[in-house]
Amino acid sequence: MAAALIAPAAASAGVFSYDEDTNTTDPAGYGNAPGQPQNQSSSDPCKWTVKGRLYVRNPTLDGIADGDPLPGVEIKVSGADWLGTVGNVFGRWDTVHTNANGEFTVTHTECDQRRVRVEAKFESASGDLRVLGSSSPEWYVLKDTGELQLPGTIDLQGEPFGGETGDQATGQARTDAQDWLLYRRAIDYVTSLGHSFLNPVTLNNPASLHDGDNSWTDPVFHGIHIAPANTNSRWNMLHELGHAFAYPREQGEDCLVFGALGTDTTHGASEKPCVAFNEGFANFFASKLDEELTGAGLIAPRDPSSSDPRSRAYLVSKGVLNLDDASHSDLGFDQAFRILTQADITRDLLGDGLGPAKWATDYAGASCAGRGVPSGLSGLGSALKVLGDANDQFDLRDADRPTITQFFNRADDRLSAFDASDATAYRKLVDPANDTEPHTLYGC
50 MAAALIAPAA
60 ASAGVFSYDE
70 DTNTTDPAGY
80 GNAPGQPQNQ
90 SSSDPCKWTV
100 KGRLYVRNPT
110 LDGIADGDPL
120 PGVEIKVSGA
130 DWLGTVGNVF
140 GRWDTVHTNA
150 NGEFTVTHTE
160 CDQRRVRVEA
170 KFESASGDLR
180 VLGSSSPEWY
190 VLKDTGELQL
200 PGTIDLQGEP
210 FGGETGDQAT
220 GQARTDAQDW
230 LLYRRAIDYV
240 TSLGHSFLNP
250 VTLNNPASLH
260 DGDNSWTDPV
270 FHGIHIAPAN
280 TNSRWNMLHE
290 LGHAFAYPRE
300 QGEDCLVFGA
310 LGTDTTHGAS
320 EKPCVAFNEG
330 FANFFASKLD
340 EELTGAGLIA
350 PRDPSSSDPR
360 SRAYLVSKGV
370 LNLDDASHSD
380 LGFDQAFRIL
390 TQADITRDLL
400 GDGLGPAKWA
410 TDYAGASCAG
420 RGVPSGLSGL
430 GSALKVLGDA
440 NDQFDLRDAD
450 RPTITQFFNR
460 ADDRLSAFDA
470 SDATAYRKLV
480 DPANDTEPHT
490 LYGC
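The sequence shown begins at 50 in the working numbering and counts up one residue at a time.
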């Protein structure tokens, strides 16, 4: 046959025609960055060099910038001889991961002509993070020469996710890229606080398994599943990441399975305490992490979250009327974490439970310095320390655990700057039925 039209088994491999008489092909025409150079000759007639740079284009996730490089992405470079080209069988040359600037280089020694394919996957070298969605390919094809070439340099230059043609032009490609950036920065930031994630994180966005508009994190296998309605919600993504962080640090976290399937739900007016604690922590985690990532310049959202305490009036307006209500409400535990992690809680006025206020206001009275006010607890790391670690998990297995009181008692156990008297004082501050202000409790 003078020419054969080949349609490879892999959908992403493209279509090309091969001419046996001239030993040439018409390539599939994969998208490449504008002005991208083609294969360049090398002084070493057997040396191949494949390089490029990955970045995100026109992100739709608030906080991620256009043109941000994609670090830590897995890159696979493969080559095929004539027979492999016909049968779509490639031999892997090497697998590397992009550097901090999204760049990669693969070198390979082989003297014969080869068809070269370059692919990318959003999976880290350590396996601590995998990002994909319902329509993500196993590998994104960045470049396929489509024809046999002599050894030389193949420079992809800039490869945008959310641009060009083929795999990386899809909305899923853009979503995977921007999600990768958010989660990579978030996980690395939390690790820098001295509290690494105990299990690998797998993000499915959008997920095939979801309940309407509700995203969820598997309490057993810890996979994160983002509902299509929340695909571009930074806060929801960080909320679910909070669950993935917390579950391995708890005993009895599977209570959320029954909470989600039972009459309580996971966001009911009166939840089981373990459900209330987990949802409250995840709410706080999302807000506090978002605030700190913004402060550190790692993301730049138009409207970053706040970890300030809410007013007692706000809790009352949501049906949280006393300390027992707070122990059965995600709002109650969210408030407990917010109050615990203030730089100086005596600078806040929580109110008496009346009025329309949503946030605590500022107290400008005399300083309470030197009166035993907890200090040095304002960072996310303090909250994560209270939650626990693999060797000291927070026990949620009893039907009435945890209460707000038990939470602050645990803070007393695990934080050196927080003692039993502080635990008593802070419990009163979370109680919507108590109108004592923080500065009064500390005598100023």
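Derived from the structure by calculation, the hints contain no laboratory data.
The C-beta atom is built at its ideal place from N, Cα and C for all residues, glycine as well.
Treat the hints with caution; some may be incorrect.
Cross-link-like lysine-lysine pairs, in silico, DSS-like; alpha carbons within 27 angstroms at most [what the hints assert, rightly or not]:
1. Lys367 / Lys477
2. Lys96 / Lys170
3. Lys125 / Lys100
4. Lys96 / Lys125
5. Lys367 / Lys407
Label-pair ranges, simulated between beta-carbon atoms [as the list claims (entries may be wrong)]:
6. Asp237 / Pro94: 41 to 47 angstroms
7. Thr240 / Asp447: 47 to 53 angstroms
8. Gly368 / Gln206: 36 to 42 angstroms
9. Pro249 / Arg446: 21 to 27 angstroms
10. Asp447 / Thr156: 23 to 29 angstroms
11. Ala406 / Asp444: 18 to 24 angstroms
12. Asn263 / Thr240: 35 to 41 angstroms
13. Asn137 / Asp260: 36 to 42 angstroms
14. Gly492 / Asp401: 15 to 21 angstroms
15. Glu159 / Gly346: 41 to 47 angstroms
16. Gly421 / Asp115: 46 to 52 angstroms
17. Gly492 / Asp352: 56 to 62 angstroms
18. Gly428 / Leu247: 16 to 22 angstroms
19. Asn371 / Ala174: 49 to 55 angstroms
Structure-based check of each hint:
no. : hint                                : verdict
1   : Lys367 / Lys477                     : holds (18 angstroms)
2   : Lys96 / Lys170                      : holds (25 angstroms)
3   : Lys125 / Lys100                     : holds (11 angstroms)
4   : Lys96 / Lys125                      : holds (17 angstroms)
5   : Lys367 / Lys407                     : holds (11 angstroms)
6   : Asp237 / Pro94: 41 to 47 angstroms  : holds (42 angstroms)
7   : Thr240 / Asp447: 47 to 53 angstroms : violated (31 angstroms)
8   : Gly368 / Gln206: 36 to 42 angstroms : violated (57 angstroms)
9   : Pro249 / Arg446: 21 to 27 angstroms : holds (25 angstroms)
10  : Asp447 / Thr156: 23 to 29 angstroms : violated (59 angstroms)
11  : Ala406 / Asp444: 18 to 24 angstroms : violated (35 angstroms)
12  : Asn263 / Thr240: 35 to 41 angstroms : violated (28 angstroms)
13  : Asn137 / Asp260: 36 to 42 angstroms : holds (39 angstroms)
14  : Gly492 / Asp401: 15 to 21 angstroms : holds (20 angstroms)
15  : Glu159 / Gly346: 41 to 47 angstroms : holds (44 angstroms)
16  : Gly421 / Asp115: 46 to 52 angstroms : holds (49 angstroms)
17  : Gly492 / Asp352: 56 to 62 angstroms : violated (38 angstroms)
18  : Gly428 / Leu247: 16 to 22 angstroms : holds (20 angstroms)
19  : Asn371 / Ala174: 49 to 55 angstroms : holds (50 angstroms)
In this structure, the hints that do not hold are numbers 7, 8, 10, 11, 12 and 17, in rising order.
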